[in-house]
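Chains as they are written, first to last, in our numbering: chain A, 4 to 468; chain B, 1013 to 1207.
Treat the hints with caution; some may be incorrect.
Here chain B is said to cover these stretches of chain A; the calculated rule only asks that three of the stretch's residues, wherever they fall, bring their Cβ under 8 angstroms from a Cβ of chain B [claimed, not checked]:
id, segment
1, 23-31
2, 403-415
Among the chain B residues that face chain A by a calculated CB cut under 7 angstroms, a handful are [as the list claims (entries may be wrong)]:
id, residue
3, E1029
4, N1030
5, D1057
6, R1059
7, D1060
8, S1085
9, S1105
10, N1113
11, T1144
12, L1163
13, P1166
14, T1169
15, H1184
16, Y1191
17, V1202
18, G1207
For the record, the hints were derived by calculation from the structure and aren't laboratory data. Backbone N, C-alpha and C define an ideal beta-carbon position, used for all residues, glycine too.
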Amino acid sequence: MSQPRTLLDKLWDTHEVTRNADGASLLWVDRHFVHEGSHHAFAKLAQRQQGVAAPDLTFGVVDHYAPTQGQGAARLMRASAEVRRMIEQLEANCANHNITCYGLDDPRQGIVHVIGPELGLTLPGLSINCGDSHTSTHGAFGALAFGIGATQVAHVLATQTVWQTRPASLRIRVDGALGPGVGAKDLALGWIAKLGADGARGHAIEYAGPVVESLSMEARMTLCNLSIEGGARFGMIAPDATTRDYVQGRAHAPDGTAWEQALAAWDDLHTDADARFDREVVIDGSEIAPVVTWGISPDQALPVTADLPAGDSDQTRAALDYMGLSSGRPLAGTPVDRVFIGSCTNARIEDLRAAAAVLSGRQARVPGMVSPGSSQIKAQAEQEGLDRIFAQAGLEWVASGCSMCVGMNGDLVAAGERCASTTNRNFRGRQGPGARTHLMSPAMVAAAAVTGEITDVRPMLKGRI
Amino acid sequence: MAGWSNHTGTAVVLPRENVDTDQIIPARFMATPRSEGYGPFLFHDLRDEGFPTMRVPGAEVLVAGRNFGCGSSREAAVYALVDAGIRAVIAPSFGDIFAGNAVNNGLLPARVDDCTAVTLVSALGTGQADLTLDIPSRRIMLGDLELSFELPDPAATKLINGWDDIDLTRAHAEQIESYRASREATAQWVWPRAG
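Produce the entire structure from the sequences given, and follow the hints as far as they go.
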């Protein structure tokens, strides 16, 4: 009998072309996504006069620098000359190498980690790379997905393979059930606060247990997306009926006999009963309250019901100081200056519905922006009337891109301003020099918009969910 | 990229944990072609805080707090350090993606245990001193101190030889081709359906 294996082992073994004596594996890459930031890698290829090994497995999308003002291709007119050059350079690089590219004029354009799954390019059992740390998102489908740097992007373009050493394995099992108004974002920020921003460094996380199994694909993507904020380059969830239902019928997903073949291959994509993990963590989902970050690292997070920490270390004092907060005060009630709903973490249709459920019939006290994760999600949200709910509440409904998550194209939080944000990083200056970011779920951001301060959303959901 | 095994350079302490890649280089500078040099962008938005790299322009080794280089996969963070003359960062831990990017650009991410980190920080204080790093023996020499660091074997090999991965991988071209052929034959569903 063969050794019991983890999901990580199975995915790794399937994709390993060869292994060096020093332990580095050469992995085959089933999908490679590139974006404007990939210009360094294309420049490296050009220097070597090197072609792209598998343009049929490579997809380009404009997201990091996509202007969010205006519609379609006309958005380009809103961009600075430098941003325009970045976008045009990606489109030219893709055209030169016969790579499909979803540009600003394409109705399928959106954030790479949103459109990959949406278009059925992301599938269980694939190995997926992109020059972006949130590539772990695709692990929600039971894929081996990890972010890489520019040198590795160039390597994947040139060879369709990547060198990587197998990480250690960590299973995070979530028991119990999440309460109303509590979701994947709270779960993710909760474990990161518990284990630390480098708590899962060197590990691939498999999320498991009843709570994880009950999550929708959108929620699973949020959970896997944030793996990197706890130090893990990989996050993954074994595919199940929820996964198959999401994938089936999508534009590029297999159909007919290929679909049957895929289902057979996916059947084995789970951790064997007796397989051992290098580390195991168990969390009780019933104990999780909505979580909000208070500091400048994603692990500086607390339940919304908690008080700010005592300034008993240099790190804590520096974080409180940057954030303009006083130790010991309640986190709830902290006034915010603006809100942002968007990013690869929390801008899928379910996220927009969750925010709209809170905002419906209510007014935002502070300005804010809603940027859907993709142009298709934008269209769907408009069909469902969500855009009108946001507009009536006083929030700006804009086009899809990374936007205020990285402070692009003037989508900035001003110095000293405090932003309630559905994004993934509360780093100093991430949303603009001097910006103060509080990460939280879409429902919690909506609640902060309505009250103008950090607020427990749960009482506001009565009769709404 | 030139390989290296041993280097002596001026070391300074950067007494912070979780120095993320957004702090190392803010996203707005990343449209710049590498040929123009990324050194001027290093810690750009933190300059008024008297960062040691500003105070000691010739510094080549940074001794930093845990989780250095966490966050975004931007290799530009490594370019900024390398172009500013940094050869090695010593810290109790690194962001995984950053550490890989560093090695791909000849920058040594030397991981030390907490005790070694404390020793180095107290030896250097707010000053500066010459420090030697030896990759094959994983040793750090600072005055009378002789300490050790950790570095995985594949990273050491790459730093010492200065190898280019694309060239190395060419040696495996046949294996890659046969993998591809077998994947196409046994898992046609992997290839995206023309949608």
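Sort out which numbered hints this structure fails and list those numbers smallest first. 6, 7, 11, 12
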